[in-house]
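S.K.: According to the UniProt record's numbering, the sequence shown holds residues 1 to 1211 in order.
Check before you lean on any hint, since a few could be wrong.
[Unchecked claim] Straight-line C-alpha distance at most 20 Å; calculated EDC-like pairs for lysine to aspartate or glutamate:
#	residue 1	residue 2
1	Lys537	Asp331
2	Lys424	Asp405
3	Lys760	Glu740
4	Lys1054	Asp1182
5	Lys369	Asp331
6	Lys488	Asp379
7	Lys441	Asp422
8	Lys608	Glu509
9	Lys1017	Asp1129
10	Lys377	Glu264
11	Lys425	Asp580
12	Lys369	Glu267
13	Lys537	Asp473
14	Lys1099	Asp405
15	Lys1099	Glu1076
16	Lys1023	Glu1104
17	Lys554	Asp391
18	Lys424	Glu267
19	Lys1134	Asp1182
20	Lys408	Asp429
21	Lys136	Glu111
22	Lys136	Glu125
23	Lys760	Glu699
24	Lys910	Glu969
25	Lys227	Glu166
26	Lys1016	Asp1129
None of these hints come from the bench; they were simulated from the model.
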Amino acid sequence: MYENYGQSGSQQRAYFAGLSYGRDRQPVAAGAWRRCIMRLSVFSVLMTMFLTQVWSAGMAQVVSLKGDKVSLRQVFKDINKQTGYHYLWSAQDIQPSARIDVNIVRKPLAEALPLILNGLDLTYEIENKTIVIKEKAVASPSNNPIKLAETPIYVQQSIRGRVVNEEGEPVSGVTVRIKGTNVVTTSNSNGEFSFDKQYIDKQVLVFTCVGYVPVELSAKAQLGDIKLEELNNSIEGIELVVNTGYQKISKERAAGSFAQINAEDMESRLQTNFLDRTEGLLPGMNLSLNKAAANPMNKKNDVGIVVRGTSTLNAQAAPLIVVDGMPYEGDLTAINPNDVETMTVLKDASAASIYGVRSSNGVIVITTKMGKEGPAKIDYANTLVLRGLPDRGYLNQMSSAELVDFQKEMFNYRSGDYASLDPKKAMSDVYRTLYEFKGGKIDAVELERQLDVFRNRNRFDHMDEFLNSHILDQQHNLSLSGASDRFKYYYSVNYNKPGDYNKDRPVVESIGFNIKNSVKLTNWMNLNLNVLGKNQKQNGAIGFNFYDNYMGGKASYYLLRNEDGSAAQWYNSKSQFEIDRLNDLGLLDETYIPINEVNNRKVNYSNKYINLNFGANFNLMPGLTFDVSYQTERTEGYNGTTFTKDNQTVMAQINDATQIDKDGVIKRNVPLGGQFSERRLDINSYTLRGQLNFEKSFEGVHDVNVIAGAERRQINSRFTDIYKYGYDESSLVYKGINEELFGVNIPNTQAIFNSYTLRKQETGFSDILDRFVSFYANGSYTYQRNLTLSASIRMDQSNLFGTDIKTQYKPLWSVGAIYQMPTFDQDWLSRWAVRLTYGVNGNVPKENGPYLISRVSPSLNYYTSEMQASITTPPNPSLRWERTDVLNFGIDFALLKNRLNGSIDLYNKKTTDLLGPTAVDPTLGWDIVDMNYGNMQNRGIELGLNAKPIVREHFRWNSTLNFSYNKNEITHLYVQQNTPYYFYYAPQNRVGKPVGSMYSIDYVGLNEKGEPLAQKKDGTVVKSTQQLTMDDMIFNGTTVPPYSLAFRNGFQYKGFNLDFMFVFNGGHIMRTVHPETLTKFAELNYNSNFDRLWLNYWKKPGDEQNPDLAPAFLSGASGNVTDLYNAADNFVEKADYIKLRDVSLSYTLPKAWLGRTPIRHVRLTGQILNAWRWTANSHNLDPEVWSGYSLVSTRGVLAPVTYNFGLSIGI
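Just need the whole structure built from these sequences, with the hints factored in.
M.R.: Given below as structure tokens:
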């Protein structure tokens, strides 16, 4: 029989070229970046050379052996350790216990083996790094018959077979390994594989492939077809692994609440942003396209992701992002969606508390792809995104004829209230014509003739010259990956170029790369080196945005070109009379021609990000390893904007600040020339971690898993803003300006109001340094793979915490348990597990800290002309991090032979010590101080279901349902507002109510004069908000959706895959659009468009009987009156919506079509986004683009239907 011994590994040494990385504080120049890229290229070449060296070294291994009376088995074990070669005994009569004397010093393996076997009547053969030891053939005299041995003689045979999927189609790229050895091959494009000259008795073949369930089969000469089952159709017998960033643990032993998806789950989605591809796939994680809607009371969530509700009011609201095990500070767009292997959301304290004070909002762990064992693979993916112009009809704007008639009507309404006409001020063309008629310059016939010209104009019908009717986004990705027994690699490069509706407008192009290497240097040491980077740039003229003007902008009767084709002139604040007057004085010409403004503002933008991640793993002893990891990140941003000397805004500012004395001498307080603004940012961070890992199984009954480590982290953010006047872009020269004039009202200038205040542009420097030092541990104990108990603890220290000893050294911790319930061999019950966890998470402030913080003003003191500074935050040694206690109970189940599986989680999150601005005694020197001032609670339920209603040989239907409900409540506030205005004007926080609560006024209609009326709680009718108290306010609900649901279905028929997903968000409210109350002439003289709702307003007594009419024109009315209408409860409606988020159809070409080409697969995909929606509000407003938090709500721009096309090729 065979004895098979696994590889212990040979010791190899390799030397790596150092990869230097700039740490200087100056922005890296283009040359430095080229040098960096060159070093990365050199590194890749060296890695390739190293791989070649390792490969060739295996062919000429040398061994050193010395010992007396050493067993033959021990000798070959030593050879295995030194060379990595396996060994087999080919017959039962061979005695591995036989002892020999050996003394070999650095001899090649081929020379050493005959010396070892000398005198033992044994010989050997080497096949695929396996040494087969067998008996020598015995020669017999010719006159004596040969007696066959009674012991069976094992001979070498070829092994052949073909790997197919459940539909009988060949599967290429399947790794086939002889178990316990390094003998491996892969299936070809026809699914075929073979081994030549193998001893097959009692050998086992292992078949593995991404997306399929691993299979083990006994070896034989002809295996025929081996059928693999897709992984997403079976969980039985598969140990799903959850990656927390610190460790990988079996899902069956994970007591915490996790949600995980892999690359296959996102395969049918073609969005160019990987986060968009995850929408609806993870219960408990809500992705909002409207970032403000994710948390209306806290804007510190630029990714728009909310995990299990809002847990903070003023601290960081976004979840912590972890990429390949380390916290990530870069732009998420730097992560190529095609590089993502898995994404795991850690939701409860047991799962997330290991990340300490940054875990309160949840943790998202992203693992990028690594090469799989087998030959090198090349993959190309291309995505084209096609979308048309948004629907202008959604804006519900007046036509030119409606707008002209509305302005005429309002001009004649209460005309006696109009002030005398100021010849300096610009007015709309309609009002100018009406004033000419009123002044007797034109008669009624001419008035109507001119107004008809305006009625028949529509600028939006003549935008083809300036706008693209459709735009095309492009994304290209190319990757190379592979692995051997000692070296794994994955290299990718991606290019993104979005389209722009504006013709000839520069776009932000980007190119990114991902380099991952893993090297097994020795049996006890592994090295990993990952480099992730992205470079964005935009350069060109952006002076006038035709697209923005198309979606809103000027009144529709203003054209961009005159009837003769010449560029049309528009008016901003000054009339033609005033422009001509300034020209006569020798000042600059402020004539505004939009088409000519395109080249008068230019942008030069770049953003460079690089992430270097190095790690080493040391096997100290069986079950005990040590990891050391170091990551450094750097983001360099530059944004330079040039306003040329011909820019109309610049010329208007120069004129407005100009003084002319009685002798006609011109004094320009703002220098002639262009202007230039620049912002530079430099963000550096590093993370250093050391971690011990212990994993041990005792007799297959007791399993222990423990990690313990320490971490040091630092983030340094530096910003520089400058602004220069009198700038010449050709010579790069600028002129000085008297900074004492900033913020000062300059008298006797040429501005419309004869005085001008020169606003100080944003300039200055900032340097923010955050430091963290952490110690942590996590452990679990499993009994008979049924019961697992786990615990974790972490201690964080930071310069963001107070120095009071009472607030320091408070650990964040968790405990948990999971029990795999017995199924009693029931066919309907495949798996049943219960989970229970409790623990503490944390959150920290980012804009303040325990120390005194001052701000140096960029302008001089008005009285002393000296530099000045102000204290923005007083010292607060008692400042504490926000603490969130989380209790979670969950059930995991699989029914009907895994045809239905899922999980249910119930949680209760209590957050204390909320951070925020709090009113204090002003005699202390401050009115408001940031401090710990409140508590809140989140309770909810999450459900994730996966079903396989139909599974046939050629047809399959998979269905996924993810549902979550979150109930949020503010339970305590140290101080809260009680003024009604703050609550009806925008969402607020109040004890006993959820975050983002909206209040409104009990509106009762109009009186006989067209004035709005409201009523108090006791029924008293009032005409002003000053008569209202908080008790009179109506609580409408929250603006944050508590209910979220995603329903996804996939149908597979042979090579076709059809997927679609519906999303639902509901239980929240919104303030719908309504006409603003008209109070003064300026509102009637707008040069912009109006919503059609403005056409319905009170005009005469009796109209108040119609509850849908807006108030009358209320000349000079204050907000105390108009707010009764604008904040009316009539305008608050449900914000629920259902959307058919995406529909995709893909086709994978049959293997037979590819023939004997090296192509592994070809897949074509088409996808439609936002094809259909249902909304609960009466105006069919899309809550994802609506911006109705304040009294002045807008419809937003409706996202157009988008068509995505994808091509994926694998070689």
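S.K.: Each of the hints needs a verdict: does it hold here or not?
M.R.: Against the structure, the hints come out as follows:
1. Lys537 <-> Asp331: holds (14 Å)
2. Lys424 <-> Asp405: Given pair Lys424, Asp405 is violated - Cα atoms ~25 Å apart, limit 20 Å.
3. Lys760 <-> Glu740: Judged against 20 Å, a Cα distance of about 10 Å means the pair holds.
4. Lys1054 <-> Asp1182: Roughly 38 Å between the alpha carbons, so the hint for Lys1054 and Asp1182 is violated.
5. Lys369 <-> Asp331: holds (19 Å)
6. Lys488 <-> Asp379: holds (16 Å)
7. Lys441 <-> Asp422: holds (17 Å)
8. Lys608 <-> Glu509: Within the cut-off at roughly 12 Å; holds.
9. Lys1017 <-> Asp1129: The given pair, whose Cα atoms are some 14 Å apart, holds under the 20 Å limit.
10. Lys377 <-> Glu264: Holds - the C-alpha atoms of Glu264 and Lys377 are around 17 Å apart, at most 20 Å.
11. Lys425 <-> Asp580: Since the Cα atoms of Lys425 and Asp580 sit roughly 13 Å apart, the hinted pair holds (cutoff 20 Å).
12. Lys369 <-> Glu267: Holds, at about 14 Å.
13. Lys537 <-> Asp473: Roughly 16 Å separates the two Cα atoms, so the pair holds.
14. Lys1099 <-> Asp405: holds (15 Å)
15. Lys1099 <-> Glu1076: Judged against 20 Å, a Cα distance of about 15 Å means the pair holds.
16. Lys1023 <-> Glu1104: holds (15 Å)
17. Lys554 <-> Asp391: Distance ~18 Å between Lys554 and Asp391 Cα, so the pair holds.
18. Lys424 <-> Glu267: With a Cα-Cα distance of about 62 Å, the restraint between Lys424 and Glu267 is violated, given a limit of 20 Å.
19. Lys1134 <-> Asp1182: holds (11 Å)
20. Lys408 <-> Asp429: Measuring from Cα to Cα gives roughly 11 Å; hence the hint holds.
21. Lys136 <-> Glu111: Since the Cα atoms of Lys136 and Glu111 sit roughly 18 Å apart, the hinted pair holds (cutoff 20 Å).
22. Lys136 <-> Glu125: Judged against 20 Å, a Cα distance of about 11 Å means the pair holds.
23. Lys760 <-> Glu699: violated (75 Å)
24. Lys910 <-> Glu969: holds (10 Å)
25. Lys227 <-> Glu166: Judged against 20 Å, a Cα distance of about 6 Å means the pair holds.
26. Lys1016 <-> Asp1129: holds (13 Å)
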